[in-house]
Amino acid sequence: MAARVLVGVKRVIDYAVKVRVKPDNTGVVTDGVKHSMNPFCEIAVEEAVKLKEKQLVKEVVAVSCGPQQVQETIRTALAMGADRGIHVEVSGKDYDALGPLQVSKIMAALAKKEEANLIILGKQAIDDDCNQTGQMTAALLDWPQGTFASEVVLEGDKLKVVREVDGGLETVKLDMPAVVTADLRLNTPRYATLPNIMKAKKKKISVVKPGDLGVDVASRLEVLRVEEPPQRKAGVKVETVEDLVSKLKEGGRI
Amino acid sequence: MVCHWALQSETSMAETSQCTGEGNQSYPVSQKPALLADRSSNQGVALVHICLTLLILLHLGVCPMPSVSHHCYFDSPVGSLLVLSSCCPPDVVVWPCSVEEVSALAKICYQHQLPIIPFGTGTGLEGGVGAVKGGVCFNLGKMDCILDLHQEDFDVTVEPGVTRKALNASLRDTGLWFPVDPGADASLCGMVATSASGTNAVRYGTMRENVLNLEVVLADGTVIHTAGRGRRPRKTSAGYNLTNLFVGSEGTLGLLTKATLRLSGIPEAVVSAVCSFPSVQAAVDSTVQLLQAGVPIARIEFLDDVMMDACRCYSSLPYVVAPTLFLEFHGSKSSLEEQVTVAEDITRGNAGSDFSWARDAETRERLWKARHDAWYAALALRPGCKAYSTDVCVPISNLPQVVVETKRDLMQNHLTGPIAGHVGDGNFHCLMVLDPNDADEVQRVHQFTERLARRALALDGTCTGEHGIGLGKKALLCEEVGPQTIKVMHSLKAAMDPANLMNPGKVL
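Chains as they are written, first to last, in the UniProt record's numbering: chain A, 1 to 254; chain B, 1 to 508.
Chain A extracted, bound-state conformation (with noise of 0.2 angstroms):
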């Protein structure tokens, strides 16, 4: 049986917000923007409680990287039913930076430091749409993965991951200990109730700094310059069937 669940969570720009970008082109407008945690994320907490409700692991370990705001993040998903949650320090610069790769050397290590069976992600983020985490934290634990899972079944030490795949639903049974990355039907988030919250201030947030754990943060990866999709082209209107066919076929689209 499985003990100990850990699952990432990511404090995000909230998804609502119409995301500027900076007028020196060098990332996003996020001073002032309301954030919250990653909806794939909230899908992942959401299966650990469900797997703690139905007494298959003993205990959810929220983690999220990141400077002191994360721990709104974490808090939100100890609201969510998570028994207990930790920060990993990184500020300023080495934030900025923090990619999958940091993230999962981070998740490999927390996995080993506290026993974990069982870590469970988000598919990817929804500010940087990396879908890397979850595959690379397999990898450097060499644990097997089930990603995209849509439905995730307990059983005794396997874990039976429906995965949605291109061609359909793929399934795959695992070895514990196992890496799953939660894709957008597994399940509908619960919302965190005020009595929940409460709850939830009083359980424990401890902290370490990725030196803690033995990752370096430092980035191969330098963002170059971030700019606007283009801009959307009015389109044409047609009268009739025949002028939109006869459009179709000299744009050489038919």
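Source of the hints: derived by calculation from the structure; they are not laboratory data.
We put the CB at the ideal spot given by N, CA and C, even for glycine.
Hints may contain errors.
Unchecked claim - Here are the in silico distance ranges between beta carbons for each label pair: (1) A:M176 / B:D354: 38 to 46 angstroms; (2) A:V29 / B:Q111: 52 to 60 angstroms; (3) B:N500 / A:P23: 46 to 54 angstroms; (4) B:H490 / A:Q68: 19 to 27 angstroms; (5) B:Q412 / A:T188: 40 to 48 angstroms; (6) B:N500 / A:G27: 46 to 54 angstroms; (7) B:S237 / A:R84: 41 to 49 angstroms; (8) A:K201 / B:K474: 23 to 31 angstroms; (9) B:Q443 / A:T240: 34 to 42 angstroms.
Given chain A's structure and the hints, the job is docking chain B onto it.
Only chain B this time, still in chain A's reference frame:
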């Protein structure tokens, strides 16, 4: 940024001016020139003035970027029966981005005596955004900020462009929500203007109980705060209750540019259930008894057999086609068990079926989405037709009589009118589906809705529980409140908007 504005060209005016005036008259096409002369001769000149003034203001940097357009940017889904076949476009649409711009624009309209039509999401059901006398439509959708959330105090201030779903999505991590949920994803300020309510009203109240303060721009551009700027105590006895004067005023007293709303805690546990009954009477009796038993039920919605059939086809609901109650219970896990036990007892006593449970979030969402989609399900019964919703509300004890008599009326007159409603408040809707080109059917539906309204009035109720008076129920309002009270309403309107510029033709 280019502001493009134009008076409506004569041709486009002609195409769109199949407008109904204050009475039941629909001006036939051949009379268009007369209509243009009536409405637009003075207004035409005024509109040139408004454009020049805007140019000047722009130049002076007073109103930096008002977007102005002559396009008709709204699509009122139904409006009242009177405007079923057409919408009344305004002459000009503006998109102010701040209360200062709203005020400056209102001043211009006041100077030139131009009607002002506030516009949120255009999802009202009583023709509230129709510009029956032309004028300037203030589309407030660009003012879409959520300001000043106070979690510990359970309040938040929003601008008119914020819809209820957008607010709740933004609040999701705080443990708070705004529970008033009319069918559409409406602008919250629009909901204030129509005193909206929804499926949760039986427990959480309507807009009347959930607005703490409003920022309003009056017809002459004056900006006021009904409870004082920034104030948000949970209760007050300070002076006249101007906040609730504007709730339900349907844009006839001022433009709402900010609303401070009362939030509620997201319930710890939620469970929904469906129960079908052998008769309408049994379902409605159960409702009455549930409320009398003091069960703090969160939602209690009634759907008749016609509506259940429509939902079964449209939303693939797996339930029996019979008079049905959709119930939802909110509370802690233990209180839910208590509530459910009492509820099941009562429904069984009325020959109700066993509860079909919807416990997990996905199933519950599907259930309530099907309820909120009732409008579309009804429309799907007769493709090509339009729909109109009635909205009467009576004291709960009179509900069984009203519903039973209404169903009889529908059947006797061969009308398609599936019933869905918030029976917990004594409020229900007949979603009348009719062919707008069948004059006889339109007439029969019209007469039916008048009979229904009068039936409700005779039973101590109201002709509109939540949709508002709009264009079509002005006469009924007079009957409902009586001549002396209507006189007082007229005096208030005259005091606040002597030139009748604010959304003319509505409510009074």
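A quick look at each hint next to the structure:
no. : hint                                : verdict
1   : A:M176 / B:D354: 38 to 46 angstroms : holds (41 angstroms)
2   : A:V29 / B:Q111: 52 to 60 angstroms  : violated (39 angstroms)
3   : B:N500 / A:P23: 46 to 54 angstroms  : holds (48 angstroms)
4   : B:H490 / A:Q68: 19 to 27 angstroms  : violated (59 angstroms)
5   : B:Q412 / A:T188: 40 to 48 angstroms : holds (45 angstroms)
6   : B:N500 / A:G27: 46 to 54 angstroms  : holds (53 angstroms)
7   : B:S237 / A:R84: 41 to 49 angstroms  : holds (48 angstroms)
8   : A:K201 / B:K474: 23 to 31 angstroms : violated (54 angstroms)
9   : B:Q443 / A:T240: 34 to 42 angstroms : holds (37 angstroms)
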